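Using the sequences and the accompanying hints, generate a full structural model.
Protein chains: 6
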Amino acid sequence: MIKLTRAYRFSASHRLHAPALSDEENREVYGKCNNPYGHGHNYALEVTVEGPLDADTGRVCNPATLDRLVTQCVLENFDHANLNEQAEEFQSLVPTTENLAIVIDGRLRRAWKSAFEREWPRLGGIRVRETKRNTFEYR
Amino acid sequence: MIKLTRAYRFSASHRLHAPALSDEENREVYGKCNNPYGHGHNYALEVTVEGPLDADTGRVCNPATLDRLVTQCVLENFDHANLNEQAEEFQSLVPTTENLAIVIDGRLRRAWKSAFEREWPRLGGIRVRETKRNTFEYR
Amino acid sequence: MIKLTRAYRFSASHRLHAPALSDEENREVYGKCNNPYGHGHNYALEVTVEGPLDADTGRVCNPATLDRLVTQCVLENFDHANLNEQAEEFQSLVPTTENLAIVIDGRLRRAWKSAFEREWPRLGGIRVRETKRNTFEYR
Amino acid sequence: MIKLTRAYRFSASHRLHAPALSDEENREVYGKCNNPYGHGHNYALEVTVEGPLDADTGRVCNPATLDRLVTQCVLENFDHANLNEQAEEFQSLVPTTENLAIVIDGRLRRAWKSAFEREWPRLGGIRVRETKRNTFEYR
Amino acid sequence: MIKLTRAYRFSASHRLHAPALSDEENREVYGKCNNPYGHGHNYALEVTVEGPLDADTGRVCNPATLDRLVTQCVLENFDHANLNEQAEEFQSLVPTTENLAIVIDGRLRRAWKSAFEREWPRLGGIRVRETKRNTFEYR
Amino acid sequence: MIKLTRAYRFSASHRLHAPALSDEENREVYGKCNNPYGHGHNYALEVTVEGPLDADTGRVCNPATLDRLVTQCVLENFDHANLNEQAEEFQSLVPTTENLAIVIDGRLRRAWKSAFEREWPRLGGIRVRETKRNTFEYR
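Residue numbers (our numbering), protein chains in the order written: chain L, 50 to 188; chain Z, 50 to 188; chain B, 50 to 188; chain D, 50 to 188; chain P, 50 to 188; chain A, 50 to 188.
Treat the hints as calculated values from the structure; they're not laboratory data.
Treat the hints with caution; some may be incorrect.
Note: identical chains are not told apart, hence a pair may lie in one copy or across any two.
[As the list claims (entries may be wrong)] Derived EDC-like pairs (lysine to aspartate or glutamate); straight-line CA-CA distance at most 16 Å:
(1) K181 - E95
(2) K162 - D116
(3) K81 - D128
(4) K162 - E99
(5) K162 - E137
(6) K162 - E77
(7) K81 - D103
(8) K181 - D128
(9) K162 - E95
(10) K81 - E125
(11) K181 - D116
(12) K181 - E73
(13) K181 - E138
(14) K162 - E186
(15) K181 - E137
Bear in mind that the values here come from a model prediction, so they are computed numbers and not experimental data.
Below, the structure written as structure tokens:
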């Protein structure tokens with residue numbers, strides 16, 4: 050069993066505001082991230098794939114297949130986008146990077162089988178880095 | 050003469066759209082950056098200060114003075130902000146990173162004298178990194 | 050369950066010398082790190098916090114709470130300090146980065162409950178990077 | 050139990066071509082990596098060592114011992130080398146970075162006991178980064 | 050006048066051997082880089098473009114034009130290639146990174162005019178990083 | 050003319066205290082860096098060498114010669130050292146990174162001729178990075 054972690058990047062904007070909280074609570078909880086006009090980040094996404102090596106090719110997965118999957122499920126929708134306005138999941142979810150990680154994981158899992166068409170490789174987990182100081186991991 | 054380059058970070062959103070161009074030209078010139086909902090970046094700002102060393106302290110400038118200046122002129126306005134909506138300069142300028150560099154340089158130059166109160170140090174130039182692939186320099 | 054890893058930095062000096070060993074053994078075991086005048090590093094500290102998301106805020110923890118905790122327990126004592134002379138734990142422990150990681154972990158655990166006042170999030174582990182070549186992990 | 054991860058670098062060339070596949074399949078599976086003239090990378094190797102601290106020294110391992118082991122088993126053979134032509138394992142294995150990770154792990158494990166001469170530390174796992182986008186982990 | 054520095058990457062292999070020198074001198078001058086089987090690197094290329102801003106777009110150049118130029122002149126020939134065998138310039142030149150920088154500069158200059166079709170932007174210089182320790186600059 | 054920038058690292062401790070200033074002024078000017086017990090950094094040193102290429106070797110300088118020079122003049126004295134106590138220049142100079150850059154430049158210049166034994170390459174300048182936020186350049 051080998052793990053491959055492959056890195057992707059996308060730039061997006063978001064605003065953190067929870068409808069369940071009052072305006073004052075929102076300002077307290079999210080601080081500057083509650084700014085009504087939004088702000089943005091260069092997100093770094095790491096996708097970890099794990100499985101046994103293919104005996105012929107010596108590879109855990111074909112990176113072109115993984116790239117196609119991540120492009121279709123994540124980059125085409127989120128790169129150079131406004132997460133609050135342009136991603137359907139964030140109509141009902143606050144686009145914290147925690148929720149962004151869960152949404153990306155769900156999108157990859159739903160499309161995984163039809164992309165790889167085999168038992169292996171499996172999705173080992175994902176990491177989303179919002180800034181140099183904050184990284185979120187979901188597995 | 051020594052140069053000190055000091056690094057700062059801010060996260061902001063923007064949309065590139067030039068009023069002088071048609072919608073079609075805007076899409077062609079700016080590509081995904083023309084998305085009407087905007088997107089964002091983690092900007093890295095490097096400010097270069099140059100001058101002779103102070104004979105007593107062995108320093109080219111007091112970093113606390115520089116930090117105060119950059120915080121007041123740049124970070125307080127641009128960090129966790131929407132450049133199009135919240136910076137007055139971008140009411141009439143497209144917030145490309147080229148223009149952002151020029152705006153930051155101008156803000157620092159106007160406040161420089163009252164911050165440092167001496168002939169030295171001088172502002173040697175600034176650099177703004179928009180993504181790992183694109184860095185803009187103005188001097 | 051989501052993990053957030055948040056990064057901090059501090060600069061400190063130390064000298065490695067074990068009282069249980071002879072001077073010659075100390076020089077052999079620690080090499081240049083045994084230099085009686087000490088030396089120093091820019092330490093990078095990563096604190097991993099894990100837990101379920103808060104249903105309202107979509108966050109695993111309030112980063113302001115974590116920052117306050119790490120500042121009080123670690124940065125105020127260790128940043129721009131001499132670990133051998135100014136940290137009580139290193140009166141009886143050699144300030145190797147292994148021991149530094151254990152000390153930081155203990156300080157955070159003791160203050161954790163009163164900082165977060167809930168069952169979650171929990172401290173998932175810490176990492177201390179001494180130089181680009183050496184990183185220590187404790188969990 | 051503490052983990053130390055120590056980083057090494059080597060530059061090497063390789064060509065990916067599986068004898069079990071036809072020339073067309075090789076081009077399809079490996080893309081540009083199948084180029085008959087080869088290409089190369091700056092590989093980053095991270096070796097993770099784990100164990101309890103030595104009570105006297107406060108260290109999980111002597112880094113000089115680990116460096117000697119990695120130099121003899123890996124760097125002397127692979128740095129500034131052509132993996133296909135100069136490493137015996139790749140006479141029968143395709144030098145994908147997956148296989149390279151397994152080969153390095155095997156070399157370290159076989160020489161580990163005679164290098165450390167004790168029960169601890171143990172080899173916790175290795176990571177090989179081929180490019181900024183691809184990292185392989187084996188444990 | 051603004052400078053934009055845009056980053057590209059390519060992975061290639063090479064062998065350093067000067068026909069004007071004896072085998073012994075080659076080994077002495079180039080060390081491990083003289084290995085007859087070659088080795089390789091992940092090269093990082095930075096291209097600096099300079100000029101005034103376009104009054105309408107607020108840009109120093111269209112990054113898509115620059116990307117097309119660098120892809121055609123550099124990446125298509127050098128990425129995943131063996132510089133000694135597959136680049137015509139290195140039939141008569143030793144593929145040191147110094148010479149690689151001069152070759153890339155020449156290729157860009159010759160194609161520059163037909164790519165940009167205007168007086169500005171101009172090529173401000175290039176940098177090629179061979180490893181984390183060595184960067185070469187030509188302007 | 051080509052420039053080669055080569056990177057080196059050393060870890061050292063220092064304390065900033067100017068004898069020409071009162072204790073209170075020292076605390077005000079240097080802040081936490083005035084801590085009487087000292088602190089430390091991982092310094093990154095970049096040495097830029099410039100000159101024409103040697104027609105036979107295609108190199109601007111022999112990196113082994115440069116490494117020997119930097120090791121003898123800088124690393125052997127400053128790595129894992131206390132700058133205030135162990136470097137003669139800092140008996141009379143405050144070891145700010147500005148002064149450190151000037152001292153390193155002077156040491157390299159004095160030994161340059163006897164190391165390279167020719168007109169070229171010349172020392173183009175040096176940069177010393179104290180932390181990720183502060184870099185000092187002298188030329």
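Among the hints numbered above, which are violated by the structure, and what are their numbers in rising order?
Of the numbered hints, 5, 6, 7, 9, 12, 13, 14, 15 do not hold.
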